[in-house]
Amino acid sequence: MKKRWLVLVLLIIAALTLAACGGEEEATPTPQPTPTVEPTEEPTEEPTPEPTEEATEEPTEEATEEPEAEVTEEAEATEEAPEEAVAARAISLDIPEGETFRVAVVMPSTATDLAFSQSMATALAAIQDAVGEDRFEYAMSENLFVVDDAATALRDYASQGYDLVIAHGSQYGSSLQDIAPDFPDTAFAWGTTVNTFADEGITNVYAYEARSEQGGYVFGVMAAHLTQSNVIGVVGPIETGDAKLYIDGFVAGVKSVNPDIDPIVNYIQSFGDLALAAEAADAMLANGADVLTGTAQMVPGAIQKAKEAGALWFGTQANQTNLAPEIVVANQVYDWTVVLEDIINRVLAGQLGGEAYAITLANDGLRIEYNDAFDLPDEVRQAGEETADAIRSGDIDVMSQIETLLGEPAEASD
Amino acid sequence: MIDQLLDSSVLIGIAASGIRLATPYLYAAIGETFGQRSGVLNLGVEGIMLMGAFSGFWAVYHTGSLLAGVLIALLAGLLMGLGTAFINVTLKAEQGISGIGIYLFGLGLSDLLFQQSFDSVVTVNGFPRIHVPVLSRIPVLGEIFFQHNLLVYIAFGLVPVAWFVLNRTTLGLKIRAVGQNPQAADAMGISVARVRYFTVILGAMLAAIAGASLSIALLNVFQQNMTAGQGFIAVALVYFGSWRPFGVMAGALLFSTVNALQLWVRTKGIDIPAEYASMAPYLLTILALVLASQRVDQPAALTKPFERGE
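Top to bottom, those sequences are chains A and B. Each residue of the first sequence is one higher than the one before, starting from 2 at the first, in the working numbering. Each residue of the second sequence is one higher than the one before, starting from 46 at the first, in the working numbering.
No lab work stands behind these hints: they were computed from the structure. Even for Gly, the Cβ is constructed at its ideal location relative to N, Cα and C. Relax, there's no trap hidden among the hints.
Pairwise CB distance ranges (calculated): (1) Glu404(A) x Phe277(B): 39 to 45 Å; (2) Glu139(B) x Pro97(A): 55 to 61 Å; (3) Asp316(B) x Val148(A): 28 to 34 Å.
If you want the ones that stay clear, here's a sample from chain A, every Cβ over 10 Å from chain B, calculated: (4) Pro97; (5) Gln178; (6) Asp200; (7) Ile203.
Work out the full structure, taking the sequences as your base and the hints as a guide.
Structure below.
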């Protein structure tokens, strides 16, 4: 009888090891070619004439095996909106010679989720690509949706002496509030949030958030121009955090163009149930929706349904074009390098926390990546780019737009 | 408000969506019914579904052949079932606990293999929707019942087959005997272990197809933990259906239709807080479980490992 317990214990150990390996295996090198690093050299020769451009562009293109579409996309964007490239510019870290900066991240889903966690993994890989593996190392723990497990991992990383420990999930806040004071010499970062715990007397936590409503608003404007049926659908997870921001921004964008369109918004109360997301999208499509968007890890289910029905899709958090190149119009991509670069430089200068960051369209932490394979009418693209420019310059304040266009009910529903 | 839902296109949408959503539950729960009828509770269905979903997806991605996807998923189910049966039947493990171990094993392994095989979420061309000739043209009924993918039809076709096997064949008699009174069955010369190995492996293979029905038919993507708890609901549906295939089907349809209904309610802009609407199918399942809990048909030897008496 003891035998069965032994086998059980072995089985559970095996299961846990496998789950853990899933994370670490991927964590170490991750040589994923990322679009973030490509424009590194480009902005510098912005004013320079053609010959140099040829020379520098070639190696960049060779280095990345990503679909060509993306490379050309970037190049195009640089021509059209010069300031867009400025922020996605060279990553420069003041890491002293011969030293290695070590970052650890704890995240709720996998680094390949095409969404929130992947955006952070991509940023870290981009930084490592830019400064070299010997100068910048990172470790990731994925799938820690159980907050207690995440807390253990955070504590473990801090005690291993990592220079910066990132809690990449708004649900990790209370754990971090406990842990950070125990490691006063370690810098922590927490997102997405604006709270650095400075009010609680904690000085070694940075905060970061994504102003995803900005891209949402731009997409809403474009969606309102693209829809023929005047029915637009949105699949959301739970009404909170950057998902709510994105969706509110999107709805406001639609209404700013055509107040008569009332997008169908369905929060399916799940971040992981692809089947439910698919059926939610199906219900919208059956109601005549011809443009859809959605946010969080379960959207691939909805994208498949949109693809079957030939409805258009706007992606957010990561570039989802490869899931349905025929119907994806554009993606809002999170680029955390903007935030990480500044945090790391401050940590190197001795400041361990206290700043709150946001990635925005203006600082290029949010990038709008169009799908070149999709034949987007010029005037729609122009409307989108003008809206984006107005948000960058501050002419449009999306938050106040949300307030006026969505009115009280949107606020009260929470 | 309610009249918005009584529109025929809405009712058709809800019914068709309910049938699609019921498919994975049906495979998994029918498979689990066989296991439980023979006295083995397999709580690891969720993990086996994930393995089936991954392996089917992997095979379709690499070969482009849907048949290969189904076969590889069946193979994955067979291996997982073999392991489950070994633990539960040969080693006589505590079934509630070992099931959780199997679930975690499937969850971890499918995720690990996915990360090793793919850089990111990708898609495949899965089973297309089949418009059954003639039948799909019938107004209303055609739209509800005859415009689904092949795996949906097979799932519903399995229900009468499962009923027939369990109630009208010698094999079914053996399965039920082993689940009700393994001592007596053993005395009659039936190998309890062999019957239970058979039912557990069959159940696991069906669970694997349940997973594949998501990854290569309904959604055509694989994602870590994509089954999102459906395997556990499937186990509950077996109790719900009192271990009868048709009861299980009724439970799966009820659960899925309420789920589809709540999606449509919000699509129609009816103002019910999303949290309550999402709870509805689960609350209903719990309620039905409580009300229908005479448990008259519960296999007497369920979860009890068989020990040959002295």
